[in-house]
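Peer 1: These protein sequence lines are chains A and B, in that order.
Residues -12 to 378 (my numbering) are what the first sequence spells out, left to right.
Residues 882 to 1150 (my numbering) are what the second sequence spells out, left to right.
These are computed hints drawn from the structure, not numbers from a lab.
For each residue, glycine too, the CB sits at the ideal point set by N, CA and C.
Some hints here could point you the wrong way.
To be verified - Straight-line C-alpha distance at most 25 Å; calculated DSS-like pairs for lysine-lysine:
#1 102(A) with 31(A)
#2 1088(B) with 108(A)
#3 80(A) with 27(A)
#4 27(A) with 1088(B)
#5 31(A) with 962(B)
#6 962(B) with 80(A)
#7 962(B) with 159(A)
#8 350(A) with 191(A)
#9 1088(B) with 102(A)
#10 962(B) with 191(A)
Said to hold, decoys possible - Stretch-level coverage of chain B by chain A, calculated; a stretch enters the list once three of its residues show a Cβ under 8 Å from a Cβ in chain A:
#11 944 to 951
#12 961 to 971
#13 976 to 982
#14 988 to 995
#15 1036 to 1046
#16 1117 to 1128
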Amino acid sequence: MGIVVTGVGMISALGVGVDCNLVSIRKGLSGISATPKILKTGNKLPVGELQMTNDELHKLLTIQPQEHLSRTALLGIWAVREALKNANVDYSKRIGLVSSTSVGGMDLTEHFFEKFIEDDKAGRLRDVRMHDCAASTDAIARHCGINGYRTTISTACSSAANAVITGAKLLKHNIVDYVVVGGSDALSAFTVNGFKSLMILDEKHCRPFDESRAGLNLGEGAGYLVLQREEDAPLYYCHLSGYANRNDAHHQTASSAEGNGAYLAMADALKMAGMSPENVDYINAHGTGTGNNDASESAAFIRLFGNNIPPFSSTKAFTGHTLAAAGGIEAVLSVMAIKTGCLYPNLNFNTPISAYGLTPVCKYTDCTRVDSVLTNSFGFGGNCSSLLFTR
Amino acid sequence: MKCYIDRVTTEHDVVTDIKLLIPDAGLRRRMSRVIKSAVTTAVECVGGIENIGSYDAIITATGWGCLTDSERFLRNIIVDKEQLLNPTPFIQSTFNTVGGQIALLNHNHCYNVTYVNRSHSFEDALLDAMMRIADGESENILVGAFDEQTPSQHRIMERMGIFRNINDGEGAVFAQIRAHRSAESIAQVTAIDFPAHSLSKQECLEKFATSENVVLMYNTYTLHGLYPTVSARCFAEATRLIQNGTKEVIVYNEYFGATPTVLRIQCVG
């Protein structure tokens, strides 16, 4: 049974909505700012931050401020609403949601905890009610008219790609008629400090796949697709024709030098679609800009594609690394690459990594035919996922 | 959709020396209590590290994840004013830490996903396992659930008024799930459902029972205390009933304000 994409929705540091994001990328305008402006942190590091406060997001979504939703939920609601509208869903059918997040309501919990560690009777309980990951999924479902099966996945930076995989299975097993899949993550002091403590944040604008790369820039946002069974959808963007999740099983946070997990995930996604590597037109790489990820992913490309590596790029220098949302945002970009026939540039690239010699797509390329896109998402715990979209 | 259950292990069933279950002393030292509890339960369930390799999917479930590590890192951010933080609690606060650690112990490259969906987390993981089996993607799956209670979590939920009629709780449960019946199969899951509304006891039986010879476990989570994956404990109890001669058990759970979940577990005979 074929699974097709019938709707897309996205919000990121590049702006609100898929069109706005695509225009920014076409113009080569990055969403990375020199320091956080809305997030409260003493860390003056570059981030991909959506320049809207939570109050402004409540207003944009016409949700009462007293509902006091986490930023993760607010970003998610926007992107899911856009995707549902884009797919023109029939609300009398069973609409499912597989959402993902890595921080959940941590932005609110941080406020609570500051007071709570001084005095366990202090801190506003409304600041901690949205702490768990499912709270954002519930809020999204409630504010988007989602009536069917819903679940939440959290596998660090591959979360949204795994949500896409689970959603496809729910359709195959006729548990839902439509399924909204993807992820949402807000910037938080928790993640900024976490990645800083791991010493993998670049103090400058990140440079994925470049010899001089020195780490990632964190970002925030949400990206969701609407998936349907092909026979139920007269109009669609493209097929989700392959997917796989495999584990690198090398280290809790680092990727293997051989890119085992990445290689297995990409190879399995192609195998599922019955497609050979030479037929991949574009890869939207995980490409975080850390020394370790980009080397490991390059090694996996060479193992799978040999000397015929398809055009590839990382879009993280535009959006920042949006953690659990990255797989959703990049799935939207992959679908739109097929729809509009474009390849996205890998900003800030100058010199290939000497050990691999790979050069990504550096210029925005349009008016090209893109029939198949592989998109990668890798996370802590060795979690590696690949999705394959085809015309 | 259905699947066979070959073994169910809770943290209380772990009898093997932890040094055999997690041989790396450094790793044991770094692991927080819930990670240690969940990983040892998983390794005990599969019968030793060397058997982890025979699984072709590892699917974990947790409502709250590794709370102690999350709290510790949050506290350090505030107390140390964002300076010179130790990354270990941040790394271990990730929800898929347990699934990743199990894979790492035996370098298992298989499918490895974590569901974090409050009171449905365990059932969502089991549904994923059953879909993989129905799709022919897996033969042997390790499915597990874990949650820990911490002083802060207890205090916060107490302030929310949640423990007026029920105790706090925690636990780890892992199960060997098979596509095909084996000599070790103790039970089978023959139905998994996520009704949109509450069901009465009568409705549960009418909708899910296949015989008169059925035991209904209706909201028996209350016996184990309240935590997001307590329904996995009920699942473990249900398989025990089957092992002791019950033919069919319906497990119905509804808590934390979510819609209910229903499992039908039957003997394999």
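Peer 1: So, for every hint listed, does it hold in this structure?
Peer 2: Verification of the supplied hints:
Under the criterion of a C-alpha separation no larger than 25 Å, the hint pairing residue 102(A) with residue 31(A) is consistent with the structure, at around 24 Å. Distance check on the hinted pair: residue 1088(B) and residue 108(A) sit about 46 Å apart at the alpha-carbon level, beyond 25 Å; violated. The straight-line distance between the Cα atoms of residue 80(A) and residue 27(A) is roughly 42 Å, outside the 25 Å bound, and the hint therefore fails. Our distance criterion of 25 Å between C-alpha atoms is broken by residue 27(A) and residue 1088(B), whose separation comes to about 52 Å.
This hinted pair checks out: residue 31(A) and residue 962(B) have alpha carbons roughly 13 Å apart, not beyond 25 Å. Restraint check: the Cα-Cα separation between residue 962(B) and residue 80(A) comes to about 50 Å, which exceeds 25 Å; the hinted pair is violated. A hinted pair counts as satisfied when its Cα atoms are at most 25 Å apart, and residue 962(B) with residue 159(A) does not qualify at roughly 49 Å. Distance hint between residue 350(A) and residue 191(A) is fulfilled; the C-alpha atoms sit about 21 Å from each other, no more than 25 Å.
Simply put, residue 1088(B) and residue 102(A) have alpha-carbon atoms about 49 Å apart, too far for the 25 Å limit, and the pair is violated. A hinted pair counts as satisfied when its Cα atoms are at most 25 Å apart, and residue 962(B) with residue 191(A) qualifies at roughly 22 Å. Against chain A, the region 944 to 951 of chain B contributes 4 residues with a C-beta closer than 8 Å to a partner C-beta. That satisfies the three-residue criterion, and the hint holds. A count of 6 residues in the region 961 to 971 of chain B with a Cβ less than 8 Å from any Cβ of chain A is obtained; the coverage claim is therefore met, three being the minimum.
Coverage of the region 976 to 982 of chain B by chain A holds. Counting CB-CB distances below 8 Å, 6 residues qualify, and the rule asks for three or more. Note: the region 988 to 995 of chain B has 8 residues with beta-carbon separation from chain A under 8 Å; the three-residue rule is met and the coverage holds. Counting residues of the region 1036 to 1046 of chain B whose CB lies closer than 8 Å to any CB of chain A gives 4, so the stated coverage by that chain holds, three being the minimum. For a cut-off of 8 Å, the count of residues in the region 1117 to 1128 of chain B with a CB near a CB of chain A stands at 0, and the three-residue condition is violated.
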